[in-house]
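S.K.: Here is how the chains run, residue by residue.
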Amino acid sequence: MFNYRESVAWNDIPLVSMDALCSFAVERCRRNWRLLALFGVPSPSGTEVVCLLADASARLLDAVRALPGRAYDSMTPQCPQAHLFERELFETWGIRPEGHPWLKPVRFRPAEGGKRNARPGPGQADYYRVEGAEVHEVAVGPVHAGVIEPGHFRFQCYGENVMHLEIELGFQHRDAEHLVLTSPARLVLPIMENMAGDTAIGHATAYCTVVERLSGVKVTDRAHILRRLALELERLANHTRDLGAIGGDTGFLPTSAWNGRITGDFLNITSELCGSRFGRNLLCPGGVKWDLDAELCRSLAKRLRAAYRDARGSVDVMLESSSVLARLTGTGRVSFEDARALGLVGMAARSCGVAVDARMDWPLCDLDNGTLHKRMRTTGDVLARTLLRSDELNDSAASAEADLMQLGFSSGEEACRVSVPEAMPASRLAVAQVEGWRGEVCHVGITGKDGSWLAYKVIDPSFHNWFALAMALRGEQISDFPLCNKSFNLSYCGHDL
Amino acid sequence: MFDIIRERLHQGYRTLNYPFVSPSISPRFAGLPSLEPTSCKGCEGRACLAACPTNALRITAEGPELDMGRCLFCRACEKACPEGKITFTHEHRLAAYTREALIVRGKAPEDIEQPGIRQARGTQKRDLSLFARSLKLREVSAGGCMACEADVNVLGTLIYDLGRFGIEYAASPRHADGILVTGPVTENMRAALLDTWQAVPEPKIVIAVGACAISGGTFKGSREGCGGVESVLPEGSVDVYVPGCPPNPWTILDGILSVAWKKHAAK
Ligand code: SF4
Ligand code: SF4
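In the order they appear, the protein sequences are chains A and B.
Residue numbering for the first sequence follows numbering that gives the first Met the number 0, starting at 0 and increasing by one per position.
Residue numbering for the second sequence follows numbering that gives the first Met the number 0, starting at 0 and increasing by one per position.
What the hints contain is simulated information worked out from the structure, not anything from laboratory work.
These numbers were taken from a predicted model, which means no experiment stands behind them.
Certain hints may be false.
Cut-off 20 Å, straight-line C-alpha distance, at most; resulting in silico cross-link-like pairs (SDA-like, lysine to any residue) [stated by the list, open to error]:
#1 LYS78(B) - ARG95(A)
#2 LYS219(B) - PHE1(A)
#3 LYS288(A) - THR86(B)
#4 LYS114(A) - ARG95(A)
#5 LYS448(A) - VAL40(A)
Here chain B is said to cover these stretches of chain A; the calculated rule only asks that three of the stretch's residues, wherever they fall, bring their Cβ under 8 Å from a Cβ of chain B [stated by the list, open to error]:
#6 164-176
#7 184-196
#8 256-269
#9 304-314
For every residue, glycine included, the Cβ atom is placed at its ideal position computed from N, Cα and C.
Taking the hints into account, I'd like the entire structure generated from these sequences.
M.R.: Here you go:
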C-alpha cells in the first residue's frame with residue numbers, strides 16, 4: 000500500500016499469480032475499495048498486468064502485478080467494475096479472460112504486435128440481440144444529426160420500450176496512449192490536453208501531477224490555486240452547457256438559448272488566463288505557464304459574477320417550470336447498487352448516492368477546499384443529474400471567485416512555476432486522480448529503466464460511465480434516449496483515446 | 000411566465016454585428032503569426048525548431064516560416080527565439096483557400112486587425128460564389144477531441160448567430176452543400192467520412208477545421224490513420240482550411256464566411 004501522493008518503485012510492487020491478483024482485487028472491491036486501473040505493461044517475459052486499487056476512506060492505493068500468459072479466469076462475474084478493463088486487456092494484449100460475459104473489443108483496434116490493417120471496424124460486429132416476433136432493432140450512428148462525436152447505438156426494442164441498449168465506440172480511437180510513449184517530450188502535454196478536449200484542464204492536471212509525483216516536485220500554492228481556478232471554470236462552462244442542452248431536449252428553449260451564450264462567457268474567462276477558451280497551454284509540469292496580476296483578477300472576478308448571475312437566473316427559470324420537472328423526474332434511473340457495482344465515477348455516481356469526488360477524496364494539495372462540497376443526490380435519474388449540476392454551479396462559481404480574490408491579493412508573492420528535472424527517475428509508478436467536470440480523470444505513469452515512459456494509462460471518467468447510459472435506458476422509451484444521453488454527456492474520444 | 004419574461008429582459012440582445020464590429024478576444028489569444036526576416040545566425044541550436052511540438056516551423060534563408068496548418072498556437076517558438084523574431088498578432092482571421100497559403104512568411108501587415116470581411120489567404124480552387132447566399136453544411140467529427148466540435152457548434156448560439164448569414168448545419172449529407180470536417184480522421188472513421196462525403200450531391204465543398212483535420216495536428220504520428228482530411232478524401236477536395244487547435248469560434252466563422260459571404264450592409 001502506498002500514499003496516493005507518492006510514487007512507488009516498480010520492483011516493490013508484488014508480482015503474484017494472475018489468480019491471486021484477481022481474488023485480491025475482488026476481495027478488496029467487496030470491502031469498498033475501487034478498481035482504479037487494470038492494464039498491460041510490456042516486459043521481457045511477456046505482458047504484465049498491473050492492478051491498482053484505491054481506498055478513499057484511508058486515502059491509500061495498492062498495486063499488484065502478474066504475468067497472466069494467454070488466458071486467465073475472468074474476475075468480471077464477481078467484480079463487474081472490471082468488465083471494460085478486461086475487454087481492453089483482451090483487445091490490446093490478447094490476454095483472454097475466460098468466462099467474461101461479453102467479451103467484445105472496446106475500440107476495434109489491432110492488438111499490440113498484431114497486423115495493423117486487418118480488422119472489423121466498430122459497427123461491424125455482432126450485437127446482443129433479443130429475438131421475438133414483435134421485437135425490433137434500431138441502429139443510430141456513427142455520424143449523428145448534430146455536431147457531436149461519432150458513436151454507434153444499437154437498441155433492442157419492444158414497441159417503444161427499450162429492452163437493451165448496446166453502445167459501440169472506438170471511432171475516435173487515435174492510439175493516444177501509444178503516442179505518448181513515442182512522441183518527443185514537447186508534444187506529450189498537447190496530446191494530454193487533446194485526450195478529451197472539453198476536459199483539457201482535467202487531463203493536463205492529471206498528467207502534470209503524475210510527472211511531479213514521479214520527480215518529487217512540489218508546486219507552489221499559487222500554481223495549485225490557478226489550476227483549481229481553471230478546473231472549476233471548466234466545470235462551470237460544461238455544466239452550463241449541459242443544463243442548456245437538457246433544457247433544449249425538454250423543449251424549454253429560453254434556457255437552451257441563454258446557456259449557449261453563458262457557456263461562452265465562462266470559456267472566455269478561461270481564455271483570459273491563457274489565450275485558449277479550453278485552457279490549452281495553461282498548465283505545465285511544475286505549475287502553470289501564465290500568472291494573473293491583481294487588476295486582471297479583479298476584472299475577471301467581475302465577469303465571473305456576471306456570468307454566474309446569468310447562469311443562475313437562466314437555470315432557475317427552467318427548474319421552476321413544472322413541465323420540465325415532470326419530464327426529468329424518474330427518467331433514466333440508475334440504481335445505487337448498479338452505480339457501485341459498475342464503478343461509476345463523478346457526477347453520474349454522485350447522483351445515484353455514491354459518494355465519490357476526487358477533490359475531497361484525493362486532494363491535490365493541502366489547501367482548504369473552501370466552498371467546494373461533495374454534492375449528492377440519491378434518485379439517480381435525469382433530475383438528479385440536472386440538480387447536481389445546478390448545485391455544483393454555485394459551489395464552483397464561489398470557489399473560482401474566492402480563488403481570483405486570493406490570487407489578486409497575493410500577486411507577486413510567489414511564483415507560479417517551479418522547475419522540473421528533465422529526466423524522471425527510473426522504474427517507478429505514480430498515479431493522479433483529478434475530478435474533472437464529468438468525474439475522476441485517472442492517469443498512471445510508469446517509467447522504464449532509462450526514465451522515459453514504459454507505459455502510460457489514461458482513464459477518462461467516460462470509460463466507466465458509458466455503461467451507465469445503457470443501464471439508464473433499460474425499460475425506458477426510446478424517445479428518452481436524447482435526454483438521457485445529454486444528462487450524462489459523456490466523451491467519445493475520452494473513452495476511445 | 001413572468002419570471003421567464005423578466006429573465007428574458009435581463010439576458011438582453013447579444014448578437015454581435017460581425018464582421019463589421021471586431022469581436023473582443025482575450026489579449027493573450029495568439030492570432031496570425033508575424034515572422035521578422037532574420038538570418039538566424041546567432042541561433043546555432045535552432046531554438047524554435049527544438050521547441051515546436053508539431054514541427055510547424057522551417058528555417059529558410061530569409062528566416063523562419065510557419066505552417067499554420069500544423070501550428071497549435073502554443074507560443075513555444077515565440078518564447079524560444081533568442082532574437083524575438085517570432086511573434087503572434089491578435090488577428091483572428093486565419094482561413095486559407097489552399098494548403099500552401101497557410102504557410103506564413105514574413106511580417107504581418109500593420110493594419111491587419113481592421114474589422115470587416117477580409118479575403119482569405121490564397122486563391123479559391125474553384126468558384127465558390129454559388130454558395131454565397133445559402134450554405135448547408137454536414138459536420139463530420141472524425142477523431143476530433145470535441146474542442147473543435149464545440150467551437151463549431153457554438154456558432155449557432157446567440158452571439159454568433161450563424162443563421163443570419165444563411166448558413167446552417169444539416170442533419171443529413173443529402174441535404175447539404177458540403178461537409179465541415181473536424182478531427183485527424185482515425186482509421187475507424189475513414190469509411191464513414193468517405194461515405195458522408197460521397198452522399199453530398201455535387202457541386203460540393205469541404206471545409207477542414209482545426210490542426211487535426213488539416214494535418215493530423217498532435218495525432219500526426221499515430222498508427223491509426225490520423226493524417227487529416229486530405230489523407231482520405233481525393234486531392235483538391237478541401238476548399239477552405241481553418242487553422243488552430245482549436246480555432247477560436249470567430250476564426251471558424253470567418254472561415255465559413257470566406258465561402259458564404261454575400262454583401263450585407265452594416266447595421
Ligand atoms: S506556436 Fe505553432 S509554430 Fe510555434 S511552437 Fe507552437 S505549434 Fe510550433
Ligand atoms: S485540432 Fe486540436 S482542438 Fe481540434 S480536434 Fe484536433 S486536437 Fe482537438
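S.K.: Does PHE1(A) sit within 20 Å of LYS219(B), going by the straight-line distance between their CA atoms?
M.R.: Violated, at roughly 38 Å.
S.K.: Three residues minimum, CB to CB under 8 Å: does the region 164-176 of chain A make the cut for coverage by chain B? Let me know.
M.R.: With 7 residues in contact (Cβ-Cβ under 8 Å with chain B), the coverage given for the region 164-176 of chain A holds.
S.K.: Okay, the region 256-269 of chain A and chain B, do three or more residues pass the C-beta test at under 8 Å?
M.R.: With 7 residues close enough to chain B, the hint holds.
S.K.: With a cut-off of 8 Å between beta carbons, are at least three residues of the region 184-196 of chain A near chain B?
M.R.: holds (count 9)
S.K.: Hint check: LYS288(A) vs THR86(B), CA-CA at most 20 Å. Holds or violated?
M.R.: holds, 17 Å
S.K.: Going straight from one Cα to the other, do LYS448(A) and VAL40(A) come out at no more than 20 Å?
M.R.: holds, 14 Å
S.K.: Could you grab the alpha-carbon distance between LYS114(A) and ARG95(A) and see if it respects the 20 Å cut-off?
M.R.: Status holds; Cα separation ~18 Å.
S.K.: Taking 8 Å as the Cβ threshold, is the statement that the region 304-314 of chain A is covered by chain B upheld or broken by the three-residue rule?
M.R.: holds (count 3)
S.K.: Straight-line Cα separation of LYS78(B) and ARG95(A) no greater than 20 Å?
M.R.: violated, 49 Å
Of the numbered hints listed earlier, those contradicted by the structure are 1 and 2.
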